[in-house]
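Enquirer: Sequence:
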Amino acid sequence: MKQKYYQYPDQYDVIVIGAGHAGCEASLAPARLGFKVLTLTVNLDHVAFMPCNPSLGGPGKSHIVREIDALGGEMARNMDETMIQIRMLNTRKGPAVHGLRGQADKKEYHSRMKRVLESEENVDLKQGIVEKIVVEEERVLGVITKTGLFYRGKKVILTSGTFLKGRIIIGEATFNAGPNHQYPANKLSASLLEMGIKLHRFKTGTPPRINKKSIDFSRMEEQKGEEGLSFSFDTKPLTGEQVSCWLTYTTGETHQIIHDNKMRTPLFSGDIEGVGPRYCPSIEDKVVRFPDKERHQLFLEPEGKSTEEYYIAGLSSSLPADVQIKLVRSIIGLREAKIMRSAYAIEYDCLDPTQLQLSLETKKISGLYAAGQINGTSGYEEAAGQGLIAGINAALSLRGEEPLILKRSAAYIGVLIDDLVTKGTNEPYRIMTSRAEYRLLLRQDNADQRLTPIGYRIGLIPAERYDKYLNKVERIEEILDYLARRQINPTTEVRHQLKELGSGDLTKAVPLEGLLRRPEIAYNDLNYFVKDLPVSTAEVLEQVQIQVKYRGYIERQTTQVEQFKKIENKIIPQDLNYDQLKNLRLEAREKMERIRPHSIGQASRISGVSPADISVLMIYLEQKKRAKKNG
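Residue numbers (our numbering): 590 to 1220.
A couple of the hints might just be wrong.
[As the list claims (entries may be wrong)] EDC-like, lysine to aspartate or glutamate: derived pairs with alpha carbons at most 20 angstroms apart:
hint, residue 1, residue 2
1, K952, D1168
2, K735, E783
3, K1120, D1168
4, K875, E1053
5, K882, D849
6, K894, E1016
7, K721, D599
8, K894, D634
None of these hints come from the bench; they were simulated from the model.
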């Protein structure tokens, strides 16, 4: 018997399917811009849930968190309010690859984000499983839930994470479930297929959780937090006592257990169909792929202050539960460890991201957007960045404005989305600093200078915060101007002090910035040479120091960006018939027809499109332009 559907009395501007990290940002952005939002999630007790690491950040990922903050998103602020440890990684390298990493209290992170959604007057947060997206004449109309309610909406944002036909795998045991054994969304995949959306099957996994009381920390290396750090540009740094993480290693016994049970591992027995993340492999995959490596590094991370659970980062596995007990107890410091939650792999459906526009709206269905792991990515940060952009663009479309398209030269979020839409992905995609061509310009420390004006223009950055940002920029410029104007003469005292600082001699007068440009001299060292050195906040002085010390490199990359913009700004008409370009190779025609690139720059990044193909395309567009002008 065909199920009846009943229309919900209220209508919405935006409907968000899912309330994970992508769904939260996708909900808050349009709501804060004045639009009525419905957020539907499988379980209200798992809003902004962290099914894997109880942490955020790291190189590339922390860049995205700070970009979300600079645009007016919530992730960084939520992290700062619920954080139990923070550190800066890669400090021995240049600022382009520095990365904040913070440990969250998992329960508090969820609870605070849920309160934020509940307190937003334009958000209706409801528990419900969406089974069908309603479409008419290739335009979205709303969604239908498992309980038979039809919610009408002008825009729908799909942020279903790993719930689509989710299947958990623990050795020989398999069952349908979403992350952390939640109820899966089994029918929504069929609805997407009916609309002509192509789906992939991916896999991810998570390590076991163990009881703190069963850990021998004396055999591990302590990883303490640091003072004076925060993710958001608008919150105070974490103060007070921080909870430590711990470093340990696998052993030869660990590796032998994996080899002895290799055929009970679904990864090798053929029971896993989905493609897993290459940059975050399971422990059994690492041991088999790198047989000469004597040990693998593992981190024990606390899941919060109100629980004894510890997460073993680096030990993702789909081994049977009985093997996991032996495996964990073979690790240094875990001889008596008690597993509280077994590790598992999870397979799920996700869509081919080349079916999306750069705005994250689907090409087939007007008004339908997708963000997060449904687009083939891995990680909370990547998901939240996409969710924010999808939410912003849904709102801009409702306002009748052009979408926000962040270029690769402007943000890691821009790199992430461009990679997905232009190249697609055949495995769960993870952002890394190496994916960005202009990473010295896309540092985590200057995300506010790159994106806060955009957030303010859209309406997500309030005036008070924007004024604070402008004051910071003005102070940076004032100090840079002072350093450029203030001359230092090679007096005996100056030369002696340079020697004391381990720096080279000075033979002629130089501006103060000339001294700061030396690698061994920090900003505060300049107090030895002048009595009126400007003082300011740590973040202002950090910007001053970076801009002075890396000026040559920054200017070089800025020039490269200007060259990049020349082809990036050459827009391709979206109704272009590529079959008319007979001089294009067949492969290039087919791929450009499928991707439908926004610009010449995007077209040049499509796999299989050669420089000769780009030349043909540019000549054709120029001829069309001249014909239109003369015609």
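Enquirer: Each of the hints needs a verdict: does it hold here or not?
Expert: Status of the hints after comparison with the structure:
1. K952 to D1168: holds (19 angstroms)
2. K735 to E783: holds (18 angstroms)
3. K1120 to D1168: violated (70 angstroms)
4. K875 to E1053: Answer violated: K875 to E1053 is near 50 angstroms, above 20 angstroms.
5. K882 to D849: The given pair, whose Cα atoms are some 17 angstroms apart, holds under the 20 angstroms limit.
6. K894 to E1016: The hint is violated at about 35 angstroms.
7. K721 to D599: With a Cα-Cα distance of about 18 angstroms, the restraint between K721 and D599 holds, given a limit of 20 angstroms.
8. K894 to D634: Given that 20 angstroms is the threshold and the Cα spacing comes to 18 angstroms, the pair holds.
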